[in-house]
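Chains as they are written, first to last, in the UniProt record's numbering: chain A, 1 to 413; chain B, 1 to 413.
Hints listed in this document are in silico derivations from the structure and should not be mistaken for laboratory results. Any given hint could be a false lead.
One copy or two, either will do: identical chains are not told apart, so a pair holds if it fits within one copy or between any two.
As the list claims (entries may be wrong) - Derived pair list, reagent style SDA-like, types lysine to any residue, alpha-carbon separation capped at 25 angstroms:
{"no.": "1", "residue 1": "K108", "residue 2": "D88"}
{"no.": "2", "residue 1": "K239", "residue 2": "V411"}
{"no.": "3", "residue 1": "K108", "residue 2": "E379"}
{"no.": "4", "residue 1": "K81", "residue 2": "E413"}
{"no.": "5", "residue 1": "K108", "residue 2": "T212"}
{"no.": "6", "residue 1": "K108", "residue 2": "R92"}
{"no.": "7", "residue 1": "K61", "residue 2": "E413"}
Residues per chain are reported as follows:
There are 2 protein chains.
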Amino acid sequence: MIDLTQMGQQAQAAAQVLAQLDTATKNQALLAMAAELTAHTEQILDANARDLAAASDQPAKFTDRLRLTPARISDMANGLKSVAALPDPTARIDGGFTNAAGLSIIQKRVPLGVVGMIYEARPNVTVDAAGLTLKSGNAVMLRGGKEALQSNLALTQVLQTALTKVGLPAQAVQLVADPSRALANEMMHLTAYLDVLIPRGGAGLIQAVVNTATVPVIETGAGNCHIYVDQTADLEMAKAIVVNAKVQRPSVCNAAEKLLIHQAVAADYLPALAAALQAHGVALRGDEAARAIVPNMAAVTAADWDTEYNDLIMAVKVIADEDEAIAHINRHNTKHSESIITNDYASSERFLNQVDAACVYVNASTRFTDGEQFGFGAEIGISTQKLHARGPMGLAALTTTKYQIRGNGQVRE
Amino acid sequence: MIDLTQMGQQAQAAAQVLAQLDTATKNQALLAMAAELTAHTEQILDANARDLAAASDQPAKFTDRLRLTPARISDMANGLKSVAALPDPTARIDGGFTNAAGLSIIQKRVPLGVVGMIYEARPNVTVDAAGLTLKSGNAVMLRGGKEALQSNLALTQVLQTALTKVGLPAQAVQLVADPSRALANEMMHLTAYLDVLIPRGGAGLIQAVVNTATVPVIETGAGNCHIYVDQTADLEMAKAIVVNAKVQRPSVCNAAEKLLIHQAVAADYLPALAAALQAHGVALRGDEAARAIVPNMAAVTAADWDTEYNDLIMAVKVIADEDEAIAHINRHNTKHSESIITNDYASSERFLNQVDAACVYVNASTRFTDGEQFGFGAEIGISTQKLHARGPMGLAALTTTKYQIRGNGQVRE
C-alpha cells in the first residue's frame with residue numbers, strides 16, 4: 001500500500017538536506033549512482049526482461065523504448081557522469097541591490113524543493129530525472145508508465161543504494177511503485193509536498209496532467225512545428241532543412257510536421273521539395289494549390305493543421321504571403337519550434353518577432369530545439385508554456401530564487 | 001450575454017498588436033489613460049456611488065476598499081504615469097550564445113500574451129493591472145468582484161477610450177462584465193486564450209482559483225509571516241521591528257503573524273516585547289512557556305500556527321534553539337516573508353539559507369516585501385509559489401522569453 005502523503009513528507013525532508021549540500025557532495029552522489037548502475041547491470045536487465053515479457057503484445061515502437069541493453073545502461077551511467085560535470089545551478093546569485101531603506105537584497109538561486117515526474121514506459125527517464133533533480137538540489141517523486149514498473153523498481157533501488165553509500169537520504173529519489181491511475185491522480189493533487197509536476201510523454205498524457213493537476217505543472221513536448229519556405233529562399237538550403245526537420249527523427253517533438261511555401265515559388269520549388277521528401281518515404285498531404293502542382297499527394301483535411309503526426313507524414317500549404325504564414329502558424333502551432341527559410345532580411349525579422357513560439361529559427365532545422373544541442377548538457381524536457389521556463393529546460397529550470405535580505409534594524413515608515 | 005471565447009479571441013488579437021509596439025507608443029497610451037481617468041472623474045465617481053449604495057450592508061473595511069474619491073482617482077492616474085516612466089521589460093535581451101552547430105541563439109524577453117486577473121471588489125486593481133499589463137505588452141481580461149461592477153465598467157470604458165484615441169485596440173483591456181461564479185469558472189479554463197491567471201485577494205479566492213483553474217496560475221499573497229528573536233538579539237531593535245511588522249498595517253500579507261523567541265532570552269525580553277505590542281492594541285496568544293512569563297495572553301491553539309490573522313493578533317512561541325525555529329517556520333509558513341533578529345553571524349546565515357520563503361530577512365521588518373519598497377516601481381502581486389516568479393512581481397514577471405535563432409542552412413547530424 002503506497003502512502004503518498006508519507007512519501008511526500010519523506011521527499012520534503014530529503015529536499016531540505018539536499019538544498020544545503022555543497023556541489024562536491026552532489027557530484028560524488030551522481031558518480032556513485034553511475035557506478036552502482038554499472039555494477040548492477042545484470043539485475044536491471046533481469047527486471048527489464050520481466051517488463052518486456054509482460055509487454056510482448058505491444059508494438060515494436062513501444063517495446064523499443066522500454067528495452068534496456070548493457071549499452072543503454074552504460075549510456076545512462078555516462079549521462080549521470082555528464083551531469084556531475086555540469087555547473088551547479090544553485091551556486092549562482094542572479095543579482096542584488098541595496099534598496100532605499102538601506103537593505104542589502106540578494107536574489108539567490110535555490111532548488112525548487114520536491115519535483116514530481118509523470119512519464120511513460122521509458123526507464124531512461126527514471127535515471128535522467130533522478131540525476132538532474134539531484135544536481136539541482138531537489139528531491140524527486142517518479143511515476144513512470146506501468147509497463148516499466150519492474151525496470152523502474154530495480155533502477156530506483158540501485159540509485160537509492162548509491163545515495164545511502166555516500167550518506168545522503170535515500171528518499172531523495174522515490175518511485176511511486178503503484179502505477180495506477182488513482183495514485184497518479186492523487187499525485188497531481190499533492191500540493192502540500194510537490195513544488196512542481198513535469199509530465200513527459202505523448203499529448204494525451206500531458207493534457208491529462210494539465211487538466212487534472214492542482215500542483216503547478218510545466219507543460220512539455222507537444223510539437224506541431226512548421227517550416228515556411230519564403231519566395232527568396234535558396235531551394236537547395238530549403239530542401240536540406242525540410243528533409244532534415246521531417247525525416248531525421250520523425251517521432252520526436254521538434255520534427256517538422258507542416259510545410260508552408262510561398263505562392264511565388266511554389267510551382268518552381270514544390271516538385272523538388274516533394275520529391276526529396278517522398279524519396280525518404282514521407283507521405284504528403286497537400287491543400288488544393290499544392291496538389292495542383294504535385295498531384296501525387298493526398299488531400300489535406302482541416303484537422304491536419306492541428307495534428308502532430310510524430311511520423312513520416314507532412315502536410316503542405318501554399319501561402320499568399322508572409323503575413324498569412326505567420327497567422328497560420330500562430331493559429332495552429334503548439335508554440336514549440338518554427339522556422340523560415342529566406343534570404344530577405346525584413347522577412348526574417350518579421351518572422352522572428354511575430355511568430356509566437358519557444359524557438360523561432362531562420363534558415364535552420366527545427367531539430368535543434370534540444371538541451372544538448374543548445375549546449376545545456378542535459379535536458380529535463382522542452383517547455384511549450386510561457387511561465388517559468390520556455391524551450392529546452394536544463395538544470396536552471398529546476399531552480400527558483402529566494403531573496404536574502406540583510407538589514408540593521410530597518411522598519412517601514 | 002458574455003461570450004468568453006470571443007473575448008479571448010479579441011484579447012489574443014490585441015496582444016499580437018501590443019507585442020510589436022515600441023516603448024514610446026505604449027507610454028503614450030499609459031499617459032492617455034491617465035488623462036482620460038482624470039477627465040472622467042465625475043462619471044467614475046457616479047458609477048462608484050451606485051456600487052457603494054448597493055453595498056451599504058457591507059462592513060466598513062469592505063466599503064473602504066470599494067470607495068473611490070477624487071484623490072484616489074488622481075492616485076490611479078499618477079500610478080499610470082509612474083508605470084510609463086519605468087523601463088520596458090520587453091526591451092531586454094537576457095543573453096545569447098553560439099552553439100556548436102554555429103547557430104546564433106538569442107534569448108529575448110517577450111510579453112506573456114493574454115493575462116487574466118481575478119480579484120475582489122477593489123477598483124484600483126482594475127487600473128493598476130491594465131497599466132502594468134499594457135506596459136509589458138500584454139492584453140488583459142479583468143474579472144473584479146461583483147460589488148465593484150459599475151465602477152469597473154466605468155473605469156474600463158475610460159481606459160478603452162484612451163486606447164482608441166492613441167490608435168491601439170480597445171480589446172487590450174477588457175472587463176468580464178458578468179461577475180458570476182459560472183463565468184469566473186469558465187475563465188479559469190480558458191486555456192486556449194489565457195497565458196496566465198493571477199488571482200488577487202483573500203486566501204479563499206486564491207485557493208479557489210488554484211484548485212479550479214487549468215490555465216497556469218501564479219499564486220499570490222498568503223502571508224503567515226514569522227519573526228524569530230534569537231538569544232543574541234538587540235532587545236530595542238527586536239521591539240521596534242516586531243511592533244512595526246505587526247501593527248504598521250496589520251491587514252496586509254507581509255505583516256508578521258507569529259513571534260518566536262529563544263528560551264534563553266524569553267524571560268528577559270518577552271515582558272517588554274509583549275507590553276510594546278499590547279500598547280498598540282495587539283491581542284497576544286501564547287504557548288505555555290510564553291504565558292508562564294507573560295500571564296495576560298490568551299492560550300494559543302494548534303490552528304493558530306497555520307492562521308493568517310490579517311488583524312491585530314499575534315501568536316507567541318518560546319523556542320529551544322534556532323533549529324526548532326527554522327523547523328517550525330518551514331512547517332507552518334506560507335513561504336512569503338520571514339525574519340530573524342540576531343547579532344550572531346552563523347545564526348543569520350543558517351536562517352537565510354535554511355528558511356524556505358520568497359523573502360528571508362535578518363534584522364529588518366517583514367513589511368519591506370513589496371514591489372515599491374524593492375524599487376520595482378510597481379507590483380502586480382507577491383508570488384508565494386516557486387515557479388516563474390517568487391516574491392514581489394514587477395513588470396518583468398509579466399514577460400516570458402523566446403529563443404530567436406539565426407542560422408545559415410544548419411541541419412542536425
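To see whether the hints hold, each was checked on the structure:
1. K108 x D88: both (13 angstroms within a copy, 24 angstroms between copies)
2. K239 x V411: Close across copies (11 angstroms), not inside one copy (66 angstroms); limit 25 angstroms.
3. K108 x E379: Classified as both; 22 angstroms inside a copy, 20 angstroms across copies.
4. K81 x E413: This pair counts as between: shortest inter-copy Cα distance 24 angstroms, intra-copy 53 angstroms.
5. K108 x T212: neither (32 angstroms within a copy, 32 angstroms between copies)
6. K108 x R92: Classified as both: same-chain Cα gap 6 angstroms, cross-chain 21 angstroms, threshold 25 angstroms.
7. K61 x E413: between (66 angstroms within a copy, 22 angstroms between copies)
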